[in-house]
Amino acid sequence: MDDLAQSVLVQWRVNGVLHELDVLPGQSLMDVLRDALRLTGTHMGCMTGHCGACTVMIDGRIAKSCIAQAATLPRAEIRTIEGLMGPDGRLSPVQQAFWDEAGFQCGYCAPGMLFSAIELLSETPDPTDAEIDSALAGSLCRCTGYQSLRRAVRAAARALRETP
Amino acid sequence: MSLYPSLARPRTLADAAALLASLSSGGVVIAGGQELMPSINAGVLAPEVYVDIGGLAELRGIAETPEGLLAIGALTVHRELQTHPLVTAKLPLLGHAATRAGGGRQVHNRGTIGGNLVAQHPLYDLAPSLLALEAEVEWVKGSETVRQPLAAMLADSRHGLGSEAILARVLVVPMAEGLGFAYEKLKASGGAYGSANAAALVKLTNGRVAAVRLVVGAVAERLLDASAAAAALLVGRPFDAAAGAALAHAVSALVTAPLSDAQGPGPWRQAMAGVVARRAVAAAVQRAGRA
Numbered sequence: 000m001d002d003l004a005q006s007v008l009v010q011w012r013v014n015g016v017l018h019e020l021d022v023l024p025g026q027s028l029m030d031v032l033r034d035a036l037r038l039t040g041t042h043m044g045c046m047t048g049h050c051g052a053c054t055v056m057i058d059g060r061i062a063k064s065c066i067a068q069a070a071t072l073p074r075a076e077i078r079t080i081e082g083l084m085g086p087d088g089r090l091s092p093v094q095q096a097f098w099d100e101a102g103f104q105c106g107y108c109a110p111g112m113l114f115s116a117i118e119l120l121s122e123t124p125d126p127t128d129a130e131i132d133s134a135l136a137g138s139l140c141r142c143t144g145y146q147s148l149r150r151a152v153r154a155a156a157r158a159l160r161e162t163p
Numbered sequence: 000m001s002l003y004p005s006l007a008r009p010r011t012l013a014d015a016a017a018l019l020a021s022l023s024s025g026g027v028v029i030a031g032g033q034e035l036m037p038s039i040n041a042g043v044l045a046p047e048v049y050v051d052i053g054g055l056a057e058l059r060g061i062a063e064t065p066e067g068l069l070a071i072g073a074l075t076v077h078r079e080l081q082t083h084p085l086v087t088a089k090l091p092l093l094g095h096a097a098t099r100a101g102g103g104r105q106v107h108n109r110g111t112i113g114g115n116l117v118a119q120h121p122l123y124d125l126a127p128s129l130l131a132l133e134a135e136v137e138w139v140k141g142s143e144t145v146r147q148p149l150a151a152m153l154a155d156s157r158h159g160l161g162s163e164a165i166l167a168r169v170l171v172v173p174m175a176e177g178l179g180f181a182y183e184k185l186k187a188s189g190g191a192y193g194s195a196n197a198a199a200l201v202k203l204t205n206g207r208v209a210a211v212r213l214v215v216g217a218v219a220e221r222l223l224d225a226s227a228a229a230a231a232l233l234v235g236r237p238f239d240a241a242a243g244a245a246l247a248h249a250v251s252a253l254v255t256a257p258l259s260d261a262q263g264p265g266p267w268r269q270a271m272a273g274v275v276a277r278r279a280v281a282a283a284v285q286r287a288g289r290a
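If you read the sequences in order, they're chains A and B.
For the first sequence, position 86 matches number 85 in numbering that gives the first Met the number 0, and the numbering has no gaps at all.
For the second sequence, position 28 matches number 27 in numbering that gives the first Met the number 0, and the numbering has no gaps at all.
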């Protein structure tokens with residue numbers, strides 16, 4: 000596509016389902032997920048990339064969807080927080096650990112905290128507290144529940160290590 | 000002129016540069032979007048044309064050039080700088096600085112070295128190390144390719160990078176074996192930015208400083224290359240407490256117009272410039288001593 004386009008066709012697989020969408024240049028991925036696809040588990044927070052409430056996975060790497068421009072993602076594999084539970088509707092091991100350890104208070108930061116934990120644990124199965132803190136640094140919890148978040152990530156790490 | 004923005008996705012760097020040259024009022028070059036989208040979301044930036052360079056293979060990858068430099072494509076994201084074996088082995092200072100960038104993993108996964116440098120932002124974390132390493136940059140404007148020291152690019156804002164010109168790659172001489180390095184970021188707030196940052200490279204011979212490079216960021220509008228002042232004080236001597244104190248004093252004295260912002264008031268930033276400089280050189284000396 001060399002030409003100037005005021006509407007851009009994108010092909011995304013979102014939580015396993017293929018979508019073809021027309022998006023507007025300038026529009027954020029977050030807007031399209033929430034408004035066009037009604038996936039409102041991706042939360043709108045700061046719109047500046049600080050808070051992490053809009054975190055999703057793009058092609059296997061976590062990203063802040065409010066500062067990812069939809070039109071620059073012509074083809075992408077996207078996973079939102081709605082796509083974390085298993086096909087049977089059960090919570091994933093990381094979600095379950097957050098539930099058990101009160102890693103959610105108001106829940107607004109949950110997308111950032113869960114995806115950050117998932118990416119950390121996929122690379123570092125037995126993280127130190129410093130590694131957990133650094134992995135969660137891109138997400139803010141305004142309930143100040145960081146102690147329970149740390150406990151939740153440790154519990155999730157144990158659960159994943161014990162999962163065959 | 001249209002009320003609605005449009006987007007182009009050129010197939011080659013030459014096409015992208017030609018397109019920018021053809022737009023009378025310029026366009027806005029976008030890749031990861033981490034620098035631009037906050038301003039777009041806030042309505043501060045409302046370009047007529049986005050030129051999406053995210054798909055240009057020519058701007059990807061990290062490789063050694065025939066002249067023995069490391070060439071880092073402008074689309075290289077912070078995460079790659081943190082983990083790429085060539086950076087870890089040959090430019091550990093840059094790899095370490097990339098881990099200290101703000102925004103968390105989410106931003107490290109999408110934010111590019113090109114976007115970071117073109118922003119010319121005094122609080123950002125990659126430029127101090129790249130200046131200490133005396134990096135060069137290569138950029139394309141119309142049909143012209145320009146290669147110049149990063150220091151020259153950062154000192155000039157007339158090059159039109161990001162609107163008329165595209166940064167293509169960063170070229171860096173690999174660090175010599177045994178060279179001590181450190182990036183010190185003093186954070187006083189929970190946010191992404193440091194209040195004073197320093198990148199240091201130190202060569203030790205028989206326990207004495209043989210060469211030093213030192214760049215301080217986040218304390219003034221422009222990064223401060225304090226290498227000459229540091230060398231005048233330190234070369235030929237062991238780095239002891241007295242040398243550290245003299246260095247801190249000298250670096251603070253070089254900061255004549257300190258920033259005063261959410262990261263702290265000016266007089267304190269000026270004082271902290273010396274503190275991070277001393278800490279960075281001390282850590283680099285320690286690493287060099289162990290090598």
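Just so you know, these hints were derived from the structure itself, not from any lab.
For every residue, glycine included, the Cβ atom is placed at its ideal position computed from N, Cα and C.
You may find that some hints are simply not true.
Partial selection, computed: residues in chain B whose CB lies under 10 Å from chain A [stated by the list, open to error]: (1) Leu-12; (2) Leu-35; (3) Ala-191; (4) Trp-267; (5) Arg-289.
Derived Cβ-Cβ restraints for the label pairs, each shown as a range [claimed, not checked]: (6) B:Val-145 x A:Glu-161: 52 to 58 Å; (7) A:Gly-59 x B:Gly-235: 38 to 44 Å; (8) A:Leu-90 x B:Ala-56: 25 to 31 Å; (9) A:Gln-95 x B:Gln-285: 40 to 46 Å; (10) B:Glu-143 x A:Ser-6: 44 to 50 Å.
Which bits of chain A does chain B cover? Going by a derived footprint, with three or more residues having C-beta under 8 Å, they are [said to hold, decoys possible]: (11) 3–13; (12) 20–27; (13) 31–42; (14) 87–100; (15) 148–158.
Results of checking the hints against the structure:
Hint status for B:Leu-12 relative to chain A: violated, with the closest Cβ pair at about 13 Å, above 10 Å. Taking 10 Å as the C-beta contact cut-off toward chain A, the hint placing B:Leu-35 at the interface holds, the least distance being around 8 Å. Checking B:Ala-191 against chain A: minimum C-beta separation of about 7 Å stays under 10 Å; hint holds. Residue-level restraint check for B:Trp-267 is violated (minimum Cβ-Cβ distance to chain A is 23 Å; threshold 10 Å).
A hinted interface residue such as B:Arg-289 counts as satisfied when its beta carbon comes closer than 10 Å to some beta carbon of chain A; here the least separation is about 21 Å, so the hint is violated. The hinted range of 52 to 58 Å is satisfied by B:Val-145 and A:Glu-161, whose Cβ atoms lie roughly 56 Å apart. Look at A:Gly-59 against B:Gly-235: about 52 Å separates their beta carbons, and that is not inside 38 to 44 Å. Distance hint for A:Leu-90 and B:Ala-56: a CB-CB separation of about 40 Å, inconsistent with the stated range 25 to 31 Å.
A beta carbon spacing of about 44 Å between A:Gln-95 and B:Gln-285 agrees with the range 40 to 46 Å that was offered as a hint. For the pair B:Glu-143 and A:Ser-6, the supplied restraint of 44 to 50 Å is violated, since their beta-carbon distance comes to about 33 Å. Coverage of the segment 3–13 of chain A by chain B holds in this model, with 4 residues showing a Cβ closer than 8 Å to a Cβ of that chain against a need of three. Residue count for the segment 20–27 of chain A with a Cβ under 8 Å from a Cβ of chain B: 4. That meets the three needed, and the coverage hint holds.
Only residues whose beta carbon comes within less than 8 Å of a beta carbon in chain B count, and the segment 31–42 of chain A has 0; fewer than three means the coverage is violated. Requiring three or more residues with a Cβ within less than 8 Å of a Cβ of chain B, the coverage given for the segment 87–100 of chain A is violated, as only 0 such residues are present. Coverage of the segment 148–158 of chain A by chain B is violated [criterion: at least 3 residues with CB-CB distance below 8 Å; count 0].
In terms of the numbered hints stated before, the structure departs from hints 1, 4, 5, 7, 8, 10, 13, 14 and 15, listed from lowest to highest.
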